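Peer 1: Could you build all of it, start to finish, from the sequences and the hints given here?
Numbering (the working numbering) for the sequence shown: 15 to 171.
If you are wondering where the hints come from, they were derived from the structure by calculation, not from laboratory data. Certain hints may be false.
The calculated label-pair distances, taken between Cβ atoms and stated as ranges, are [unchecked claim]:
1) F80 / N134: 31 to 39 Å
2) Q51 / W125: 33 to 41 Å
3) H27 / V135: 23 to 31 Å
4) S62 / L142: 25 to 33 Å
Calculated cross-link-like contacts (lysine-lysine; reagent style DSS-like; alpha-carbon spacing at most 25 Å) [to be verified]:
5) K124 / K61
6) K61 / K127
7) K161 / K101
8) K61 / K161
9) K61 / K101
All values reported here derive from a predicted model rather than from experimental measurement. Idealized CB from N, CA, C, for every residue including glycine.
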Amino acid sequence: MTIQTNTSNHYLHLNLYSGVLFGLGLVAFFDEVVFHQLLHWHHFYDKSTTSVGLVSDGLFHAFSWFATIASLFLFANLRRKKALYLKRWFGGLLLGAGIFQLYDGTVQHKWLKLHQIRYNVDPLPYDLTWNITATVMTLIGIILLFKTRNRSGQIEQ
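Peer 2: Here it is in structure tokens:
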């Protein structure tokens with residue numbers, strides 16, 4: 015099905031933004047629940063007391079929640095307007111998830127040293143797994159977005 019509209023590029027961008035926000039929210043939520051709450055490997059900010067770490071986790075969790083909710087409002091709006099392009103949306107999701115995870119693994123873990131993935135172990139296998147996974151998600155997202163870019167003013171479903 016092809017939708018011809020003067021605002022098709024607008025919808026392509028909204029599909030991308032919704033996917034990116036959902037990817038950010040999803041990975042942040044997963045990180046928060048698994049590594050912060052269930053495994054107790056680290057807090058968002060580990061350079062202070064446990065109480066400060068818990069507050070930073072709460073702020074991080076709020077960020078992931080709001081990003082996810084905002085993305086779902088955009089998603090619902092795209093569905094309502096019959097302008098949802100799932101392949102592009104998934105490309106945005108993988109791009110958002112990958113970029114967030116790569117940012118977390120390089121900037122927050124290594125440059126700013128806000129926290130490590132895990133303490134009291136050799137961090138190299140964790141860092142490699144974290145950053146390679148992030149890079150793969152980012153690359154697949156970029157490929158999907160490249161394949162779904164619009165040159166003709168049409169959105170292909």
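Peer 1: Could you run down the list of hints and mark each one as holding or not?
Peer 2: We went through each hint and held it up to the structure:
At roughly 33 Å, the beta carbons of F80 and N134 sit within the given window of 31 to 39 Å. Distance hint check: the CB atoms of Q51 and W125 are about 25 Å apart, inconsistent with the given range 33 to 41 Å. In this structure, H27 and V135 break the distance hint of 23 to 31 Å, their C-beta atoms being roughly 42 Å apart. Hint check: S62 to L142, Cβ distance near 28 Å, so the stated range 25 to 33 Å holds.
Annotation: proposed proximity of K124 to K61 holds, straight-line Cα distance about 14 Å (limit 25 Å). At most 25 Å may separate the alpha-carbon atoms for a hinted pair to count; K61 and K127 meet this at roughly 9 Å. Between K161 and K101 the alpha-carbon distance is near 9 Å, which keeps this suggested pair within the 25 Å criterion. A C-alpha spacing of about 43 Å is found between K61 and K161, which places the hinted pair above 25 Å, so the restraint is violated.
Restraint check: the Cα-Cα separation between K61 and K101 comes to about 41 Å, which exceeds 25 Å; the hinted pair is violated.
Violated hints for the displayed structure, listed by number in ascending order: 2, 3, 8, 9.
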